[in-house]
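Working from the sequences, and respecting the hints, build out all of it.
Residue numbers (this note's numbering), protein chains in the order written: chain A, 80 to 306; chain B, 80 to 306; chain C, 80 to 306; chain D, 80 to 306; chain E, 80 to 306; chain F, 80 to 306.
Don't take every hint at face value.
The list treats identical chains as one, so a pair stands whether inside a single copy or across any two.
Derived lysine to any residue pairs resembling SDA-like cross-links, with alpha carbons at most 25 Å apart [what the hints assert, rightly or not]:
{"hint": "1", "residue 1": "222", "residue 2": "85"}
{"hint": "2", "residue 1": "292", "residue 2": "266"}
{"hint": "3", "residue 1": "222", "residue 2": "96"}
{"hint": "4", "residue 1": "120", "residue 2": "270"}
{"hint": "5", "residue 1": "222", "residue 2": "82"}
{"hint": "6", "residue 1": "120", "residue 2": "82"}
{"hint": "7", "residue 1": "303", "residue 2": "111"}
{"hint": "8", "residue 1": "222", "residue 2": "83"}
{"hint": "9", "residue 1": "120", "residue 2": "240"}
{"hint": "10", "residue 1": "120", "residue 2": "293"}
{"hint": "11", "residue 1": "222", "residue 2": "282"}
{"hint": "12", "residue 1": "120", "residue 2": "298"}
{"hint": "13", "residue 1": "303", "residue 2": "157"}
{"hint": "14", "residue 1": "120", "residue 2": "204"}
{"hint": "15", "residue 1": "303", "residue 2": "88"}
{"hint": "16", "residue 1": "277", "residue 2": "266"}
{"hint": "17", "residue 1": "120", "residue 2": "238"}
{"hint": "18", "residue 1": "292", "residue 2": "127"}
{"hint": "19", "residue 1": "222", "residue 2": "99"}
{"hint": "20", "residue 1": "292", "residue 2": "94"}
{"hint": "21", "residue 1": "120", "residue 2": "231"}
{"hint": "22", "residue 1": "277", "residue 2": "91"}
{"hint": "23", "residue 1": "222", "residue 2": "299"}
{"hint": "24", "residue 1": "222", "residue 2": "84"}
{"hint": "25", "residue 1": "120", "residue 2": "301"}
{"hint": "26", "residue 1": "120", "residue 2": "297"}
{"hint": "27", "residue 1": "222", "residue 2": "185"}
{"hint": "28", "residue 1": "303", "residue 2": "240"}
{"hint": "29", "residue 1": "222", "residue 2": "292"}
Hints are computed from structural coordinates only; laboratory data are not their basis.
Number of protein chains: 6
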Amino acid sequence: MFELGVVYRNITRADRAATDELARFGASTVHEAQGRVGLLKPYMRPIWAGARISGTAVTVLMHPGDNWMLHVVAEQIRLGDIVVAALTSESTDGFFGDLLATSFRARGALGLVIDGGCRDVRDLTEMQFPVWSRAISSKGTIKATLGSVNIPVVCAGALVTPGDALVADDDGVVVVPAARVRQVADAAAAREANEGEKRARLAAGVLGLDMYKMREPLAAAGLKYID
Amino acid sequence: MFELGVVYRNITRADRAATDELARFGASTVHEAQGRVGLLKPYMRPIWAGARISGTAVTVLMHPGDNWMLHVVAEQIRLGDIVVAALTSESTDGFFGDLLATSFRARGALGLVIDGGCRDVRDLTEMQFPVWSRAISSKGTIKATLGSVNIPVVCAGALVTPGDALVADDDGVVVVPAARVRQVADAAAAREANEGEKRARLAAGVLGLDMYKMREPLAAAGLKYID
Amino acid sequence: MFELGVVYRNITRADRAATDELARFGASTVHEAQGRVGLLKPYMRPIWAGARISGTAVTVLMHPGDNWMLHVVAEQIRLGDIVVAALTSESTDGFFGDLLATSFRARGALGLVIDGGCRDVRDLTEMQFPVWSRAISSKGTIKATLGSVNIPVVCAGALVTPGDALVADDDGVVVVPAARVRQVADAAAAREANEGEKRARLAAGVLGLDMYKMREPLAAAGLKYID
Amino acid sequence: MFELGVVYRNITRADRAATDELARFGASTVHEAQGRVGLLKPYMRPIWAGARISGTAVTVLMHPGDNWMLHVVAEQIRLGDIVVAALTSESTDGFFGDLLATSFRARGALGLVIDGGCRDVRDLTEMQFPVWSRAISSKGTIKATLGSVNIPVVCAGALVTPGDALVADDDGVVVVPAARVRQVADAAAAREANEGEKRARLAAGVLGLDMYKMREPLAAAGLKYID
Amino acid sequence: MFELGVVYRNITRADRAATDELARFGASTVHEAQGRVGLLKPYMRPIWAGARISGTAVTVLMHPGDNWMLHVVAEQIRLGDIVVAALTSESTDGFFGDLLATSFRARGALGLVIDGGCRDVRDLTEMQFPVWSRAISSKGTIKATLGSVNIPVVCAGALVTPGDALVADDDGVVVVPAARVRQVADAAAAREANEGEKRARLAAGVLGLDMYKMREPLAAAGLKYID
Amino acid sequence: MFELGVVYRNITRADRAATDELARFGASTVHEAQGRVGLLKPYMRPIWAGARISGTAVTVLMHPGDNWMLHVVAEQIRLGDIVVAALTSESTDGFFGDLLATSFRARGALGLVIDGGCRDVRDLTEMQFPVWSRAISSKGTIKATLGSVNIPVVCAGALVTPGDALVADDDGVVVVPAARVRQVADAAAAREANEGEKRARLAAGVLGLDMYKMREPLAAAGLKYID
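Put into structure tokens, the structure is as follows:
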């Protein structure tokens with residue numbers, strides 16, 4: 080957050096196997112499994128529908144209207160990473176397009192999460208390169224000021240430390256601290272295992288009121304039925 | 080609006096046949112036929128494109144971040160209903176996902192209109208369960224405080240009384256008071272019948288200026304043409 | 080901006096051939112080629128994805144909630160035009176739907192750019208009539224007050240003079256002054272020609288840092304790498 | 080909400096004495112006393128600080144950009160009323176200024192609550208005529224379309240029925256249904272009576288944790304202290 | 080709008096006497112006198128209350144987060160000017176503070192209208208230097224990229240040509256084209272002269288319904304009174 | 080960010096003397112001295128104008144609509160602290176009022192920075208208890224769910240670690256990491272010392288263009304003057 084002009088080359092990435100599992104569960108289940116923390120603000124939306132990825136964060140902090148550091152971060156990407164781009168103040172300019180996506184993918188990136196704008200949406204959709212952004216904008220950027228790479232950043236209201244795991248889909252983007260990925264993946268798996276039977280019962284017309292035994296606490300809280 | 084902790088079990092639903100007809104015309108035509116009132120604010124958007132439904136409202140009022148009452152309202156759903164969920168203050172949290180959708184559908188609900196957030200968008204799209212919401216968010220909710228079911232609510236700026244008819248599509252959501260549904264459906268049918276011929280003439284290059292006889296009132300209002 | 084109640088019938092349209100070329104490059108490349116000016120604010124979004132058009136502007140200024148002048152502008156449309164609709168104050172009402180689209184297309188319009196709301200989205204999608212708008216809303220409008228046609232307008236923060244060229248796609252909408260269209264089209268072509276080779280090199284793993292020779296200026300600016 | 084073009088002349092106003100008492104407690108205490116419902120959305124702000132009023136609602140519904148009905152509602156004002164103005168769709172135009180304020184005050188109005196814009200702020204401040212609005216704007220309005228007077232309206236997300244009591248101050252605007260005013264005023268008085276002693280104890284350094292006996296439920300909920 | 084890197088030194092300023100008169104009437108009266116056009120969007124707010132100025136526009140276009148051109152525009156200021164600052168894309172950064180205000184005032188500027196952020200609010204209030212801005216922010220800016228001075232700009236949605244007259248107060252900011260200032264000042268004076276008597280009659284309880292003879296057109300439009 | 084239900088009692092506060100000095104310089108100078116990082120988003124506004132404080136952060140994380148943890152944090156306050164309240168998702172509810180302010184002040188707090196709503200604005204203004212918040216709202220909150228005290232939080236887009244220094248005034252709120260306070264205070268003092276002479280020269284009509292020797296770099300960048 081507070082260092083400008085530095086690139087950390089060595090970061091400790093979250094456990095790969097556990098990180099990879101997160102995509103299977105999706106953002107909402109992982110968010111729930113983690114105790115309902117770690118969600119980026121819901122203004123972050125995918126530029127095309129249907130993508131679901133999980134990976135490890137390499138981070139970049141930029142100034143509004145200046146994407147110079149995206150070229151710097153490209154070199155730090157390894158296979159399985161997701162680039163997380165934060166800004167020092169709000170901007171909807173188009174920091175990222177198809178040329179950078181080509182480069183990011185060549186370096187092994189799975190996608191981009193950017194608290195700013197994105198462009199070349201049609202090309203990125205054809206490439207099936209997933210981006211979650213706060214805006215879409217043709218407005219390009221300059222290459223004039225330094226930011227930093229692989230420092231902790233705040234992206235869309237969430238703290239992301241380099242190496243953290245991320246899971247992103249149509250519901251949003253969730254960050255999981257590196258140290259907790261295995262535990263969260265297991266908790267997500269447990270939740271998921273539990274849901275199949277529930278779904279079948281609900282589909283058969285059983286009410287959540289009964290399945291979750293809510294009638295008593297609702298009555299205790301004072302709920303009154305009026306005919 | 081002002082009673083918390085009550086569930087009204089008996090509500091008078093709008094005429095079924097007239098309510099069913101509304102979907103055929105869509106939100107914009109119905110809104111026009113009703114005199115341009117009854118539209119929910121345009122921040123309410125469908126989570127997937129192409130749905131068009133009409134049904135009778137069962138209503139629920141919840142506190143932000145608490146979806147307990149969605150389980151309570153499920154029991155009050157009858158075939159042909161649309162659940163209308165209002166909040167006591169703004170929240171974008173994800174109150175509703177695929178398990179509740181499974182339950183709502185099993186009870187006969189046609190869709191959900193919620194002045195808050197929704198999640199499990201990919202699953203809901205696959206299920207083709209239509210939702211109109213103000214946001215999409217992975218953030219789950221607690222089950223701790225009472226709201227009410229089947230009281231009049233304000234949802235996205237519109238008053239919805241239990242049993243009112245609703246029509247929702249890609250253009251938005253319109254509420255029609257139960258007592259006016261037949262009249263509005265007929266007015267919508269009349270508008271629609273009228274449009275086919277107009278469309279043909281416009282497609283042939285006839286101007287609205289001439290078809291609607293606007294030249295004279297425009298001149299009277301002072302419109303000047305300058306070559 | 081300051082004349083109400085006038086229709087200019089004779090406007091000088093941008094060079095047709097150069098205007099037509101813009102669609103091939105898209106909004107982002109054209110915006111870049113023009114020096115990163117002329118973009119409408121990014122709240123302007125296409126109502127359906129995938130359209131890409133370029134054309135000459137016919138402009139209309141309306142009051143909020145009143146679409147009378149859209150019928151007036153229809154008569155001024157020629158083949159290859161894009162209608163640009165501005166408002167005297169903000170409104171999300173649905174000024175435009177499928178009947179007007181039928182008329183506009185019959186007159187030769189390629190699409191609509193409107194700093195207000197649009198409706199009949201499903202029909203417009205089926206017709207493949209492209210619209211960029213700030214909102215979607217069923218709320219219809221009245222026909223009571225005069226605006227103007229073919230005066231300079233500010234639409235979504237950008238000045239559009241009648242006859243200017245526009246290019247619009249999923250990335251947004253860019254206006255190019257009529258006098259600059261040939262020059263901008265050529266600059267866009269040059270950029271595009273240049274990108275194929277770059278893309279191949281980036282796809283092969285070459286870094287932008289090296290391809291654009293950024294390492295030296297970054298070091299000069301003080302960038303430090305930390306292992 | 081759904082009738083346009085009507086003026087109800089006879090409305091039943093909330094009990095005057097109880098309504099008058101509400102101003103003594105202010106919006107926050109009344110809102111709490113009523114069970115945390117009835118608050119207009121917090122985008123409603125006073126145009127000058129320090130006013131605190133309570134009164135009975137006369138309501139008016141207008142179309143965006145058209146203030147004709149404000150002249151109609153003026154005639155329906157009685158001493159002790161607050162005018163509540165709602166719109167059929169969003170607008171920030173300046174519907175109200177010092178001339179209308181002069182007229183409203185002469186008829187006995189205590190203030191205005193408007194889900195639109197206001198102007199002549201300097202004059203209104205000098206007059207000490209209180210207004211709560213969503214915006215301030217010089218943009219004037221036309222007088223062309225009918226709305227209604229003294230029908231139930233949704234203003235800033237809250238349902239206001241003619242004759243309801245309102246209390247407004249720097250914290251916001253709260254509506255109290257006419258039938259509940261006495262009960263709410265008494266509950267507010269009880270809350271207020273209770274607060275003096277609490278304030279003294281807190282000022283002396285007693286913690287809410289102890290005063291409200293929160294330590295046990297917090298521990299039961301699982302709160303852990305770490306040295 | 081479309082030229083970057085140029086400074087026009089010679090501009091034609093609006094008639095000084097007529098421009099000076101505008102401040103006496105204020106933004107709302109001038110806006111009305113001009114036919115309800117020329118208002119900057121209402122998100123533009125004064126950083127301190129009570130100022131009312133009119134002057135001639137010197138304009139500047141900047142990139143987001145870069146205030147270099149404010150130093151360039153300072154040299155072009157003459158006594159009686161108001162600086163109008165526009166951006167190529169949205170930014171709330173603090174482009175302007177007390178040092179620049181000191182410089183602007185020394186050069187003869189009456190105030191600043193900026194479609195971005197401002198800082199040093201306490202100092203500017205003490206200096207009584209009036210600023211209308213879209214935000215207040217401590218975030219400083221860089222000095223790296225060229226914009227332009229004294230080209231036509233779009234500021235908060237309004238076209239401002241160098242030399243135009245502006246009037247700004249607590250109600251907002253209105254631009255009057257240089258060629259129309261005398262005419263608009265006279266129209267404003269006529270409106271104002273007319274208002275004193277109206278105010279007295281309204282204060283005496285006469286209704287606008289009668290004073291403006293609205294009862295007949297309202298009845299013609301179909302307004303119904305219900306007892 | 081990721082621990083719920085814990086209270087850290089021992090935190091390391093930033094150097095008191097250096098922290099106290101920050102208030103003298105204000106948010107904008109400190110922000111500049113720190114390299115233009117650490118600013119909370121500009122939607123954070125003081126509830127009354129003119130306050131300027133600096134202090135050490137005690138932090139609290141709450142769920143939307145639930146202020147239980149504000150009572151827990153009160154016990155952890157020491158003289159010279161500023162409470163920094165963050166939420167797990169957005170809410171404008173009124174979490175804080177005059178009773179809590181009485182308690183906070185009795186414990187030694189200098190003010191509150193809250194990424195949610197505040198109420199009892201009139202009382203807080205009379206008490207001269209400063210609050211920076213995103214909203215003002217009468218809507219009270221429940222006491223039902225656990226958050227945490229003195230963990231790192233993201234408040235209005237900025238990371239705040241317990242013990243960090245904060246400076247807040249009419250320009251906004253800036254966080255300075257505990258380890259950097261002395262260095263930042265010295266840098267701010269140096270900036271300030273430098274500004275007096277500059278101000279005098281600018282007041283005398285010297286241009287920033289000359290004082291900062293900008294003419295040459297502007298010309299190098301391509302700026303052209305046109306007469």
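Notebook entry, point to check: What label fits residue 222 with residue 282 when the C-alpha limit is 25 Å: within, between, both, or neither?
Noted result: between (55 Å within a copy, 22 Å between copies)
Checklist line | Up to 25 Å CA-CA - residue 185 versus residue 222, copy category | finding: within (22 Å within a copy, 35 Å between copies)
Check: How would you classify residue 120 and residue 240 at a CA-CA limit of 25 Å: within, between, both, or neither?
Finding: both (17 Å within a copy, 20 Å between copies)
Next item on the list: Please work out whether the CA atoms of residue 120 and residue 231 approach to 25 Å or closer within one copy, between two copies, in both situations, or in neither?
Entry: Answer is both: 17 Å inside a copy and 18 Å across each meet the 25 Å cutoff.
Next item on the list: Check residue 120 against residue 82 for me: Cα-Cα at most 25 Å, and say if that holds within a copy, between copies, both or neither.
Entry: So residue 120 and residue 82 pass the 25 Å test inside a copy (24 Å) and across (18 Å) alike.
Checklist line | Up to 25 Å CA-CA - residue 297 versus residue 120, copy category | finding: Result: close neither inside a copy nor across copies, 31 Å intra and 28 Å inter.
Check: Between copies, within a copy, both or neither: which fits residue 222 and residue 84 at Cα up to 25 Å?
Finding: Both, since 14 Å and 17 Å are each at most 25 Å.
Notebook entry, point to check: Under a CA distance limit of 25 Å, which applies to residue 120 and residue 301: within one copy, between copies, both, or neither?
Noted result: neither (34 Å within a copy, 27 Å between copies)
Item checked: Copy assignment of residue 292 with residue 127, given that the CA separation must stay at most 25 Å -> neither (40 Å within a copy, 33 Å between copies)
Check: How do residue 292 and residue 266 come out at 25 Å by Cα distance, when the copy is not named: within, between, both, or neither?
Finding: within (22 Å within a copy, 34 Å between copies)
Check: Within a copy, between copies, both or neither: where do residue 303 and residue 88 come within 25 Å Cα-Cα?
Finding: between (61 Å within a copy, 10 Å between copies)
Note to self: As a check of your reading, is residue 222 near residue 85 (CA-CA no more than 25 Å) within one copy, between copies, both or neither?
What the structure shows: Both, since 16 Å and 21 Å are each at most 25 Å.
The structure shown violates the earlier hints numbered 3, 10, 12, 18, 19, 20, 22, 25 and 26.
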